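Top to bottom, those sequences are chains V and F.
Position 106 of the first sequence, counting from 1, maps to 127 under the numbering used here, and the rest follow consecutively.
Position 90 of the second sequence, counting from 1, maps to 109 under the numbering used here, and the rest follow consecutively.
Hints in this document: simulated from the structure, not taken from any laboratory.
Some hints here could point you the wrong way.
Here are the computed lysine to any residue pairs in the SDA-like style, where the Cα-Cα straight-line distance is at most 20 angstroms [claimed, not checked]:
{"no.": "1", "chain 1": "V", "residue 1": "Lys717", "chain 2": "V", "residue 2": "Ser604"}
{"no.": "2", "chain 1": "V", "residue 1": "Lys108", "chain 2": "V", "residue 2": "Ile76"}
{"no.": "3", "chain 1": "V", "residue 1": "Lys108", "chain 2": "V", "residue 2": "Asp292"}
{"no.": "4", "chain 1": "V", "residue 1": "Lys212", "chain 2": "F", "residue 2": "Ile110"}
{"no.": "5", "chain 1": "V", "residue 1": "Lys108", "chain 2": "F", "residue 2": "Asn158"}
{"no.": "6", "chain 1": "V", "residue 1": "Lys108", "chain 2": "V", "residue 2": "Leu217"}
{"no.": "7", "chain 1": "V", "residue 1": "Lys717", "chain 2": "V", "residue 2": "Arg561"}
{"no.": "8", "chain 1": "V", "residue 1": "Lys215", "chain 2": "F", "residue 2": "Arg107"}
{"no.": "9", "chain 1": "V", "residue 1": "Lys215", "chain 2": "F", "residue 2": "Asn158"}
{"no.": "10", "chain 1": "V", "residue 1": "Lys108", "chain 2": "F", "residue 2": "Ile110"}
{"no.": "11", "chain 1": "V", "residue 1": "Lys108", "chain 2": "V", "residue 2": "Leu46"}
{"no.": "12", "chain 1": "V", "residue 1": "Lys215", "chain 2": "F", "residue 2": "Pro136"}
{"no.": "13", "chain 1": "V", "residue 1": "Lys202", "chain 2": "V", "residue 2": "Tyr136"}
{"no.": "14", "chain 1": "V", "residue 1": "Lys572", "chain 2": "V", "residue 2": "Lys717"}
{"no.": "15", "chain 1": "V", "residue 1": "Lys108", "chain 2": "V", "residue 2": "Thr78"}
{"no.": "16", "chain 1": "V", "residue 1": "Lys572", "chain 2": "V", "residue 2": "Arg561"}
{"no.": "17", "chain 1": "V", "residue 1": "Lys215", "chain 2": "F", "residue 2": "Ser101"}
{"no.": "18", "chain 1": "V", "residue 1": "Lys717", "chain 2": "V", "residue 2": "Ala312"}
{"no.": "19", "chain 1": "F", "residue 1": "Lys169", "chain 2": "F", "residue 2": "Asp142"}
{"no.": "20", "chain 1": "V", "residue 1": "Lys425", "chain 2": "V", "residue 2": "Glu371"}
{"no.": "21", "chain 1": "V", "residue 1": "Lys215", "chain 2": "F", "residue 2": "Asp142"}
Which residues of chain V face chain F? A few of them, derived with a C-beta cut under 7 angstroms, are [stated by the list, open to error]:
{"no.": "22", "residue": "His283"}
{"no.": "23", "residue": "Met356"}
{"no.": "24", "residue": "Phe480"}
{"no.": "25", "residue": "Phe663"}
{"no.": "26", "residue": "Ile671"}
Stretch by stretch, here's where chain F covers chain V in the computed footprint (C-beta under 8 angstroms, at least three residues) [to be verified]:
{"no.": "27", "region": "168 to 182"}
{"no.": "28", "region": "230 to 237"}
{"no.": "29", "region": "395 to 408"}
{"no.": "30", "region": "431 to 440"}
From a predicted model like this one, the values you see are computed outputs, not experimental measurements.
Even for Gly, the Cβ is constructed at its ideal location relative to N, Cα and C.
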Amino acid sequence: MSAPTSTLSRRQFLEISSAAGAGLLIGFHLEGRTAAAATLAADINAWVRIGTDDIVTLLVSESEMGQGVLTSLPMILAEELEADWSKVRSEHAPTDATKYGRQSTGGSTSIRTNYDKLRQVGAAAREMLIDAAAQTWRVDRRTCRAQNGAVRHEPTGRRLRYGQLAERAASVTPPENPPLKDRKDFRLIGKAVKRLDTPSKVNGSAIFGIDVTVPGMLVAQVAHPPAFGGRVERFDASAALAVPGVRHVVEIPTGIAVVAEHFWAAKQGRDALRVTWNDGGHGGLSSARIAAMLREIVDRGVEARNDGDVAAAVAGAANTVEAVYELPYLAHATMEPMNCTADVRADRCEIWAPTQAPSGTQQVGAGITGLPPERVTVHTTLLGGGFGRRSQTDFVADAVHTSKAVGAPVKVIWTREDDTRGGHYRPPAYNRLVGALSRDGRPVAWEHRIASPSILEAFGPLRDAVDRSSVEGAANMPYAIPNVRVTYAKADLPITLWFWRSVGSSLNAFVVESFVDELAAAAGADPVEFRLRLLAEHPRHRRVLTVAAEKAGWTTPPPAGRARGVAVHEAFGSIVAEVAEVSLRPDRTVRVHRVVCAVDCGDVVNPDTIVAQMESGIAYGLSAALYGEIHIAGGGAVEGNFDTYPVLRIDEMPAVETHIVTSGDPLGGIGEPGTPPIAPAVTNALYALTGTRIRKLPIGTVA
Amino acid sequence: MPAYTLSVNGRRQRVTAPADMPLLWVVRDLLGLTGTKFGCGIGQCRSCTVHMNGSAVFSCQIPVASAEGQEITTIEGLSPDSSHPLQRAWIGEDVPQCGYCQSGQLMSAASLLAQNPTPSDADIDRAMANNICRCGTYNRIRRAIHRAAKEMAG
């Protein structure tokens with residue numbers, strides 16, 4: 022046993038109770054927020070239930086969107102609890118700020134914020150169960166040991182299962198500082214434990230938001246304005262209402278809802294709807310206009326970083342390199358289109374949503390209905406993908422408005438076209454770079470000017486006029502160059518933006534890792550060697566870079582017709598290096614054969630989850646690099662479905678080989694960091710193959 | 020509105036629906052079988068894959084009128100107890116992440132193995148390239164299909 026990693030007293034995070042027949046119920050405080058003493062008892066944000074049936078259930082306040090939290094979080098608890106893993110269950114917690122604090126899943130934080138607390142709670146519960154057993158047997162607790170869901174009295178071999186002990190344990194005083202297990206004794210943490218949610222996902226029984234059914238429920242589609250910032254001018258509902266099964270056509274603040282007995286009738290009704298839309302004054306907005314606007318403002322940015330004197334270093338340099346990099350708007354394209362079910366009554370509102378933002382969903386419900394938040398019940402379903410999109414609540418507003426308008430429970434389902442054209446995109450960016458090299462090929466200056474609209478200004482005025490998400494991965498680029506200047510110029514555009522898997526890093530890793538490759542080429546240096554020389558202060562970067570290069574056979578020639586490229590990037594506390602091996606098809610499109618990935622996320626809870634998230638992040642980033650682009654015309658989005666917004670398919674998926682490098686550093690995130698390096702790894706490989714530098718995504722065909 | 024008698028997962032059921040209503044929405048909204056998923060509505064993503072007389076079809080493009088008299092199998096009917104070799108292989112390889120597309124993936128894979136018990140990687144590419152997975156579980160899908168094929172070969 023090792024010492025506890027922190028010394029939260031039980032009063033700070035435990036609430037114990039036992040209802041008759043319910044076993045042991047432990048509430049605890051997951052986020053370590055400080056709270057006034059008077060509110061401590063209520064200031065609890067997760068619960069563990071140990072039932073008299075031996076089942077241990079963790080109520081998880083994070084949303085399961087594929088990243089595995091319904092498995093990895095209970096693993097941490099079960100490790101310390103010495104639970105029988107076959108008896109461990111998990112489910113989404115209800116939304117309740119008084120119990121769980123603010124519930125929101127994003128930023129690759131679930132493990133990082135919950136690891137220590139879940140270990141402490143598991144350890145506390147284990148000690149209480151041991152106490153309960155010792156009391157039952159009237160023996161010294163030091164002769165009892167918790168093991169695989171039971172407490173064993175070592176001298177006699179007597180054994181009581183947790184279910185048999187749970188009620189008695191509820192009356193035991195929780196330990197102040199329960200001892201934590203030594204990591205060499207871990208049975209679950211660090212092991213490739215199978216996901217708890219897989220069985221329900223292979224037989225159709227898993228319930229996603231779109232699968233919710235409520236008695237008396239109607240199904241709706243909402244016609245939204247085609248132009249961002251647009252509104253309904255007038256509409257004629259008569260043809261829509263004539264469609265069999267259509268019950269209501271109502272105007273709501275977000276558009277016009279066609280409410281019907283089922284999806285198909287709603288769709289037919291919506292297709293028959295005649296609407297005249299106002300374009301909000303943005304009808305002239307197009308992709309070309311946006312690109313010109315970004316180009317126009319890029320040199321008028323404010324500084325996000327300024328080391329040394331870039332201008333002087335460039336003026337005095339032997340060799341300079343200049344380049345422009347452009348990235349497009351991207352939709353998230355989750356597999357499950359946005360949807361939400363709401364039942365608004367006079368005195369309460371119930372919402373079922375596949376959401377990353379249960380608390381935000383509750384607020385939207387309260388805001389629209391005028392009810393206090395505690396009268397708004399939110400049920401978090403499984404999410405058919407999130408990638409950031411589902412921390413928005415626009416689809417929740419559609420459902421709450423519609424249910425309120427028609428006085429019945431309503432499930433709003435967006436079509437794929439609604440989803441793709443619905444905004445809240447990854448922002449586009451225009452980047453102008455200047456690099457300077459000394460006579461001996463050392464980089465002496467790096468200037469990166471970014472023009473991009475801002476996600477964060479939706480939350481309030483920007484500090485120092487810099488959107489930190491727009492410069493993440495750029496202002497903190499890791500290479501040791503004496504003169505560095507990074508600027509940000511904000512574009513004002515009506516197209517709604519949001520967090521897209523890895524956020525600013527998804528843009529800036531492409532730019533920074535491409536441009537450092539350009540400097541390496543200008544210096545006549547090997548791309549891996551060149552990076553390693555500039556990363557003396559970043560041993561973790563060096564390590565993943567070295568591992569990825571070695572495992573990819575960087576120093577050996579690739580198979581004929583192929584070339585390799587590399588990229589390394591830190592995001593959300595983890596560092597990932599990827600080596601891509603590519604070739605060109607006769608039609609000049611790219612084939613990515615193999616990706617070797619090395620990841621340092623500090624420590625490991627479930628290695629198979631890490632491997633899965635690297636595969637997933639690479640596939641997601643590759644879709645964007647190869648094809649992803651939302652065009653704007655007439656103030657709205659052009660692409661609508663997977664025929665015009667293509668994504669990676671199985672015949673394009675590279676072999677992915679992931680190497681986990683444990684560093685003992687603090688835990689990093691894992692849902693997002695796999696995405697940023699793939700685009701530059703591929704385009705750097707294309708440069709090695711063809712001599713053509715790709716400076717604009719998506720790649721499309723290579724000249 | 021016309022009525023149709025459908026045979027879904029071995030059960031004959033009568034539904035009243037417009038003739039052009041896609042089978043997808045009939046099974047989901049009228050029969051309450053929600054394992055079959057809506058992803059695109061235009062036959063691009065195949066989340067809605069079901070079997071018609073044993074072959075994979077995309078149910079978003081099959082009008083209910085043409086499904087009458089056919090044997091329809093949805094993910095709920097692939098096996099009574101998740102014991103189909105593919106379902107076991109999917110669990111063995113921990114294929115799903117979000118899981119939304121996996122009903123369609125499994126139904127496409129089951130149709131493939133029924134026609135070709137020992138598919139090559141190229142065969143898998145051909146049969147499965149229509150099914151989109153946004154979580155990028157493709158390499159595990161491939162492994163799971165090979166694993167199930169091996170198991171079925173005994």
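Verification of the supplied hints:
| no. | hint | verdict |
| --- | --- | --- |
| 1 | Lys717/V x Ser604/V | holds, 19 angstroms |
| 2 | Lys108/V x Ile76/V | holds, 5 angstroms |
| 3 | Lys108/V x Asp292/V | violated, 50 angstroms |
| 4 | Lys212/V x Ile110/F | holds, 17 angstroms |
| 5 | Lys108/V x Asn158/F | violated, 30 angstroms |
| 6 | Lys108/V x Leu217/V | holds, 11 angstroms |
| 7 | Lys717/V x Arg561/V | violated, 29 angstroms |
| 8 | Lys215/V x Arg107/F | holds, 13 angstroms |
| 9 | Lys215/V x Asn158/F | holds, 17 angstroms |
| 10 | Lys108/V x Ile110/F | holds, 18 angstroms |
| 11 | Lys108/V x Leu46/V | holds, 16 angstroms |
| 12 | Lys215/V x Pro136/F | violated, 27 angstroms |
| 13 | Lys202/V x Tyr136/V | holds, 13 angstroms |
| 14 | Lys572/V x Lys717/V | violated, 29 angstroms |
| 15 | Lys108/V x Thr78/V | holds, 8 angstroms |
| 16 | Lys572/V x Arg561/V | holds, 17 angstroms |
| 17 | Lys215/V x Ser101/F | holds, 16 angstroms |
| 18 | Lys717/V x Ala312/V | holds, 12 angstroms |
| 19 | Lys169/F x Asp142/F | holds, 15 angstroms |
| 20 | Lys425/V x Glu371/V | holds, 11 angstroms |
| 21 | Lys215/V x Asp142/F | violated, 28 angstroms |
| 22 | His283 | holds, 4 angstroms |
| 23 | Met356 | holds, 4 angstroms |
| 24 | Phe480 | violated, 27 angstroms |
| 25 | Phe663 | holds, 4 angstroms |
| 26 | Ile671 | holds, 4 angstroms |
| 27 | 168 to 182 | violated (count 0) |
| 28 | 230 to 237 | holds (count 3) |
| 29 | 395 to 408 | holds (count 6) |
| 30 | 431 to 440 | holds (count 3) |
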